[in-house]
Structures are given as structure tokens and as C-alpha cells.
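**Student:** Chain D is already provided as a structure; the job is to place chain X on it using the hints.
These protein sequence lines map, in sequence, to chains D and X. Numbers 1 to 107, taken from my numbering, label the letters of the first sequence in order. Numbers 1 to 166, taken from my numbering, label the letters of the second sequence in order.
Since the hints were derived computationally from the structure, they do not count as laboratory data. We put the CB at the ideal spot given by N, CA and C, even for glycine. Treat the hints with care, since some could be wrong.
[Unchecked claim] Derived DEER-like restraints, expressed as beta-carbon distance ranges:
(1) Leu64/X with Gly21/D: 25 to 31 Å
(2) Ala61/D with Leu64/X: 35 to 41 Å
(3) Gly86/D with Val53/X: 28 to 34 Å
(4) Met26/X with Leu70/D: 22 to 28 Å
(5) Arg93/D with Val53/X: 34 to 40 Å
(6) Glu3/D with Leu18/X: 25 to 31 Å
(7) Met1/X with Met1/D: 46 to 52 Å
(8) Ser96/X with Gly86/D: 36 to 42 Å
(9) Val83/D with Gly31/X: 24 to 30 Å
(10) Phe69/D with Phe29/X: 24 to 30 Å
(11) Pro102/X with Phe69/D: 23 to 29 Å
[What the hints assert, rightly or not] With the Cβ distance kept under 10 Å, some of the chain X side facing chain D (calculated, not the full set):
(12) Ser19
(13) Val53
(14) Pro61
(15) Ser68
(16) Thr115
(17) Gly117
[What the hints assert, rightly or not] Restricting the straight-line Cα-Cα distance to at most 27 Å, the calculated cross-link-like pairs of lysine-lysine (BS3-like) are:
(18) Lys127/X with Lys64/D
(19) Lys69/X with Lys64/D
(20) Lys105/X with Lys127/X
(21) Lys105/X with Lys69/X
(22) Lys127/X with Lys69/X
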Amino acid sequence: MTEWVATVFIIVGCLLGVTGGIGLLRLPDLYSRLHAVSVTDTLCSFLILSGLALESGVSLASVKLLFIFLFLVFTSPTSSFAVANGAWQWGLRPAPSGPDTQENTSQ
Amino acid sequence: MAHKLRLFLTLFALWLLLSGHYNALMLGFGGISVAFVCWLTLRMDSVDKQHFVLPLTPAIPVYLARLSKRIVLSNIDVILRIMGLRPLTPRLVELSLPFSDPLNKVIYANAITLTPGSASITMSDNKLLVHTLSDDSARDLLLGDMLSIMPFQSTEQSLSLNKGEG
Numbered sequence: 001m002t003e004w005v006a007t008v009f010i011i012v013g014c015l016l017g018v019t020g021g022i023g024l025l026r027l028p029d030l031y032s033r034l035h036a037v038s039v040t041d042t043l044c045s046f047l048i049l050s051g052l053a054l055e056s057g058v059s060l061a062s063v064k065l066l067f068i069f070l071f072l073v074f075t076s077p078t079s080s081f082a083v084a085n086g087a088w089q090w091g092l093r094p095a096p097s098g099p100d101t102q103e104n105t106s107q
Numbered sequence: 001m002a003h004k005l006r007l008f009l010t011l012f013a014l015w016l017l018l019s020g021h022y023n024a025l026m027l028g029f030g031g032i033s034v035a036f037v038c039w040l041t042l043r044m045d046s047v048d049k050q051h052f053v054l055p056l057t058p059a060i061p062v063y064l065a066r067l068s069k070r071i072v073l074s075n076i077d078v079i080l081r082i083m084g085l086r087p088l089t090p091r092l093v094e095l096s097l098p099f100s101d102p103l104n105k106v107i108y109a110n111a112i113t114l115t116p117g118s119a120s121i122t123m124s125d126n127k128l129l130v131h132t133l134s135d136d137s138a139r140d141l142l143l144g145d146m147l148s149i150m151p152f153q154s155t156e157q158s159l160s161l162n163k164g165e166g
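Bound-form chain X, shown alone:
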């Protein structure tokens, strides 16, 4: 029930921000459409049975800030390489994934793709194939640079990383 209420309120807030209408008639229409979307969503839930709970912890803003910093730095790096001021040395690297749950895998692979200069290509059970534009970013990834900013990691993962890849 709390989940349904939260879904309804979030969608209604989204509707309000996107529409900007505040009279009773429009609010009523908005309420009806949001309720319809909620009903559809909950109905589809029972079809695919895939629930990903994203815990809203303080770790998330920290992760976003660190990711943004890396995105800006690698943007500058890729721009310099496009301009020909730094050499192009494309490489393919295979990273091992120390996660078993899909959510962490998705966050990790998307963080790598979102950073210019590295893009994930395919993923098997616990291997991720990544194409990078330079030796440096390949080395950073192998050293676990992106792994160190993951928001939901346990200490044993970072320990095994330090032992394994160093």
C-alpha cells in the first residue's frame, strides 16, 4: 500500500511540474490519468515480476558527485584526443564483475558507458567487455577506479578487488 501511495504521489508531482495547471478541472483530469497509469503499472508488475528497489541512502548523492567529476575530467580528455593533442590508443579490456545482483551490474556498466572514453560492449555472467579510447583509461578501469565509487558495495568486495587486480 505504501508503495502504491508513493507511486501515485510521485507521478502526480511529476504531472503537476510538467503541466503547470492548478485549477480544479485540470487537477481532476490529472488525478484520473495518474490513477490510470498507477493501475496499469501495478498490473504490469504482476506480469514481469521484476522489482528493483533502489535504496535512497546518502551514498547516492556522493556517488553522483564522484561520477560527475569523472565525467567532466574524461570529457576533457576525450576532447583533447579528438583534437589530436593526445594520442589515440583504443583498447578492449575485460573487467571482472564482483557483483551478483543485476542492479549493481547495471549501475556499474552504465557508469562506464556514461563516462566518455570508455563504453561497455557486452556482459556475460561476471565479465564485462569494455572499449576504451586510451591506454590510460583502460588502466584506470582495471585498477578499479570506477569500482571504488559504486554506491552499494560491501567491504569484502573492495578488499577482493585490491588483492585481485593490483
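Extracted from the complex, chain D is given alone in its bound form:
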């Protein structure tokens, strides 16, 4: 039973990873693409890691998987923010419907 749940978790996680990749190619601009990557960062990694943890049961390996998840939770928003903030500082503005401020018209 646990094995089946673990298998389903891992398969769904992999599908989410692929979906994130599709989004990375399909979405219009950098800021929108960040959201697609964010799917891979959160639910996809959570499902794959918890699937692997179920597979290995209560062991040191599961604890290490938990640590990997915690590190991802802390680092992935930091890296997304670094990319978004870097693009913003550089002068990249979102393509179609921007903010209702003067910045958008000048770009």
C-alpha cells in the first residue's frame, strides 16, 4: 500500500516537473516564467521527496530528504527573488499589461 502511494507521489511529482518545463517555454516573459519554475520548486519537489521518504520508511535517509526539502523551502524564494530583482534593476519590464504607472510608458 505504502509503495503504491509512494509511486503515485513520484509519478505526479515528475508530471509537475514536466509541466513546469512546459510553462517555462510557453509563458510570455521572464516574470511569468518565474511562476512556472516556482511550481517545480514547491509541489513537484515536495511530492518527489515525500514519495522517496515513504519508500525508505522511518530511517536516516528520510531525515536527509526532509533536510533537502527544508533547504529548498528556504533557498528557492531567495533565488527567485534574486532573478526577479536583478531583471527589474536591469530595466526589464513585464511585456503586455504592466503597472498603471509612468514607468510602463517610458519603457
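**Tutor:** Positioned in the frame of chain D, the structure of chain X alone reads:
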């Protein structure tokens, strides 16, 4: 002193869980390396003088549970938008930050970034610029959806929010 002891014990527990060695020689090496890291950390403390005390209150598990629920829901939303089943309407919104301390600002901005479909871009003194993938998530943020789950908020903040943004 309590702080140093806590740091040492936490790091040593981390070392034990990551290594999985329980014989005396390895434990000794572990103890030495943890003590070295503690010394380095405390030395660096006196350089940057930035202390963030995260109070371990029951509010934190509640916050994590609410945040997880929002992350799962917005994951589904973003997946549907990637597949083209829901429209893409990217927007930029500016949120006002009702916090003065850096810790609350960081928790808030990171919670927004961690949720797919919204990402914080820049932060000035009390403004946070957020890019969202849809009108709906922009509206939710403006209505203070993420603000309502913050773990360390006082009542006056939520009151001023209800008056200001509603």
C-alpha cells in the same frame, strides 16, 4: 550562554542525523567540528551584529499549515494556466507593508514568492512590488489574503488593513 548551548546542541543533532556514525572516535570528531563551527558563528556574530530571534510559538505551525494549503491551491491554479485552461493575465501590484521590523517583511515577501503565481520583485521602505500571473491572485493579495496568515501580527495591523484596502 543558553544561546551558545542551544546552538551547540542543535548543530550536534544535525551532525548526528546527517552522519549516522555512533562510535566514540566519530562522535569525538563531530564534537570538535561542531565546537569549531560554534566558535566561528559566535565570532561572526560580533562582526555583523544582526540578530533575528524567531520566537517558537504555536503560531508557527498554524502559519505553515495555512501557507502549505495556499501553496497547493495556487500550484493547481498555475498548472491550469500553463496548460491554457485558464487565461493568463499577468499584473504588477504594489502592496503596502504594515510592518516595521525586517523579520516580518522577509517572512511576508518570501511567503508571496513561495506561492506560485505571485513573486515579489523589489521592496522599498514600506512598499512591496509583486508580479502575479493572474488578476485573481493580484486581487487576493490586495485584499490581504497573505497578510491574514502572518504568524506575528498584532490586532491593530489587521484592523488597519481592513480599513485601508477593503
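**Student:** Look at each hint and say if it fits the structure.
**Tutor:** Status of the hints after comparison with the structure:
1. For the pair Leu64/X and Gly21/D, the beta carbons lie near 28 Å from each other, so the given range of 25 to 31 Å is met.
2. Checked against the hint of 35 to 41 Å, the C-beta distance between Ala61/D and Leu64/X comes to roughly 23 Å, which is inconsistent with it.
3. In this structure the hint that Gly86/D and Val53/X lie 28 to 34 Å apart at CB holds, the actual value being about 30 Å.
4. As the Cβ distance of Met26/X to Leu70/D is approximately 24 Å, the hint placing it in 22 to 28 Å holds.
5. The hint said 34 to 40 Å for the Cβ distance between Arg93/D and Val53/X, and at roughly 38 Å that hint holds.
6. Roughly 26 Å separates the CB atoms of Glu3/D and Leu18/X, a value that falls within the hinted 25 to 31 Å.
7. Look at Met1/X against Met1/D: about 49 Å separates their beta carbons, and that is inside 46 to 52 Å.
8. At about 24 Å, the CB distance of Ser96/X to Gly86/D disagrees with the hint of 36 to 42 Å.
9. As the Cβ distance of Val83/D to Gly31/X is approximately 40 Å, the hint placing it in 24 to 30 Å is violated.
10. Distance hint check: the CB atoms of Phe69/D and Phe29/X are about 27 Å apart, consistent with the given range 24 to 30 Å.
11. One distance hint, 23 to 29 Å for the beta-carbon pair Pro102/X and Phe69/D, holds here, with the actual separation near 25 Å.
12. Of the supplied interface hints, the one on Ser19/X holds, with its beta-carbon coming within about 9 Å of a beta-carbon of chain D, less than 10 Å.
13. Against a cut-off of 10 Å between C-beta atoms, the interface hint on Val53/X is violated, since the closest Cβ of chain D lies about 17 Å away.
14. Hint on Pro61/X is violated. Least Cβ distance to chain D is approximately 14 Å, over the 10 Å limit.
15. Taking 10 Å as the C-beta contact cut-off toward chain D, the hint placing Ser68/X at the interface holds, the least distance being around 9 Å.
16. Interface restraint check for Thr115/X: the shortest CB-CB distance to chain D comes to about 8 Å, inside 10 Å, so the restraint holds.
17. Nearest Cβ of chain D to the Cβ of Gly117/X: about 5 Å, under the 10 Å cut. The hint holds.
18. Simply put, Lys127/X and Lys64/D have alpha-carbon atoms about 38 Å apart, too far for the 27 Å limit, and the pair is violated.
19. Distance check on the hinted pair: Lys69/X and Lys64/D sit about 24 Å apart at the alpha-carbon level, within 27 Å; holds.
20. With a CA separation close to 10 Å, the supplied pair Lys105/X and Lys127/X stays within the 27 Å bound.
21. The straight-line distance between the Cα atoms of Lys105/X and Lys69/X is roughly 21 Å, inside the 27 Å bound, and the hint therefore holds.
22. Under the criterion of a C-alpha separation no larger than 27 Å, the hint pairing Lys127/X with Lys69/X is consistent with the structure, at around 26 Å.
Hints 2, 8, 9, 13, 14, 18 from the list above are not met by this structure, while the remaining hints are.
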